[in-house]
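J.: Chains as they are written, first to last, in the working numbering: chain A, 213 to 349; chain B, 213 to 349; chain C, 213 to 349.
Simulated from the structure, these hints should not be mistaken for lab results. Keep in mind that this is a model prediction, so the values were computed, not measured. Some hints could be false.
To be verified - Straight-line Cα separation of at most 30 Å, DSSO-like style, residue types lysine-lysine; simulated pairs:
id, chain 1, residue 1, chain 2, residue 2
1, B, K278, A, K279
2, B, K303, A, K303
3, C, K279, B, K303
The lines below spell out each chain.
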Amino acid sequence: MIFQKRISTGPYSEGFHLITDIILRELKVLPETGLVNIFLQHTSAALAINENADPTVRYDFKTFFKKLVPENFPGFTHTIEGNDDMPSHIKSSIFGQSLVIPIVNHRVALGTWQGIYLCEFRRNGGKREIIITVLGE
Amino acid sequence: MIFQKRISTGPYSEGFHLITDIILRELKVLPETGLVNIFLQHTSAALAINENADPTVRYDFKTFFKKLVPENFPGFTHTIEGNDDMPSHIKSSIFGQSLVIPIVNHRVALGTWQGIYLCEFRRNGGKREIIITVLGE
Amino acid sequence: MIFQKRISTGPYSEGFHLITDIILRELKVLPETGLVNIFLQHTSAALAINENADPTVRYDFKTFFKKLVPENFPGFTHTIEGNDDMPSHIKSSIFGQSLVIPIVNHRVALGTWQGIYLCEFRRNGGKREIIITVLGE
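The following block holds chain A by itself, in its conformation from the complex:
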């Protein structure tokens, strides 16, 4: 069984956003066993799996990574698209744009505390395109 769906989501403000429900509602009929890939077609945003309960976790992610990859980093030459552009590219590859999660007993087998984050690194990122692909039996 193969299933594929394209969704468009956002725009999101700069920061880390829980999108678990947005993904799961596209996955109502799943194989018993398999894998799901969630792929973001962008280079200044990312997907991640992290804590799904306390919003301060997502707040601290934003604070930490804005400090780790500063907009005024000396040496950046790719600045024509704005101060937030090059840091966004770097953060996009630190997190990655592609998740693979197992399907167990017809369900996406996230752990109890795992949620799916849309990580928006631009101040005005616009809509974000995601392709969901399921392989299984």
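With the hints as your guide, set chains B and C onto chain A.
T.: Below, chains B and C alone, put in the same frame as chain A:
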């Protein structure tokens, strides 16, 4: 062919631990060609692929990332679960919780120097749940 | 449908190199729907997806990560293989060695601005081995 197995491993001390053998012993019958996904159901630990021989590599990983994501980072607000909690969430997403490795000629095609790391970021992380999924022919 | 191909590429100079065309030319016959995995069998280089147009992005990636993971980081003990070895291992796991990209309508569904980077972290990395695996229907 689809194969899936859940394992529970640990507890591990804070640091980077080679678990290649623990994973491979679950994979004795493999398809000729395919992919294996190894998925950790947690948000304060991670999976990674790195050097499998010299333990100083894993020691240096711990040293470096404890400095990169300090427990006393100014600005962390999610501190209720301990000083090592928020740094663990961040490190979990820098490394990721999901590996995909090809299967070639019935074997997991890790490179000569590649091993699988269980990255434990908590001081008392407890047991860790891993789901292994094989797709192939 | 399963398809698998091993390629050997490089050597590359230290830095970030667009290899999209090298990968795509191995993928001329694709299933209508599926996934492709691109896997690098090394621990001091990486694969990433990022901006495919402006070479200054790739230049800034090199500058930033050489600063983030310095060769003279105090505390590194794994130094026998050269000052650039331990930083390369760390950068290899920050980026990862494995990409999963969906196949949509017989094409690798990279976004408009997404390209595939070979991230070479060693000064003399030599040839790099990549395994490409396609699953689909």
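J.: Taking the hints in turn, state whether each one holds.
T.: Results of checking the hints against the structure:
A threshold of 30 Å between alpha carbons decides the hint, and for K278 (chain B) with K279 (chain A) the separation of about 16 Å falls inside it, so the pair holds. For the hint pairing K303 (chain B) with K303 (chain A), the CA-to-CA distance comes to about 13 Å; that is within 30 Å, so the pair holds. A C-alpha spacing of about 19 Å is found between K279 (chain C) and K303 (chain B), which places the hinted pair at or below 30 Å, so the restraint holds.
Every hint from the earlier list agrees with this structure, and none is contradicted.
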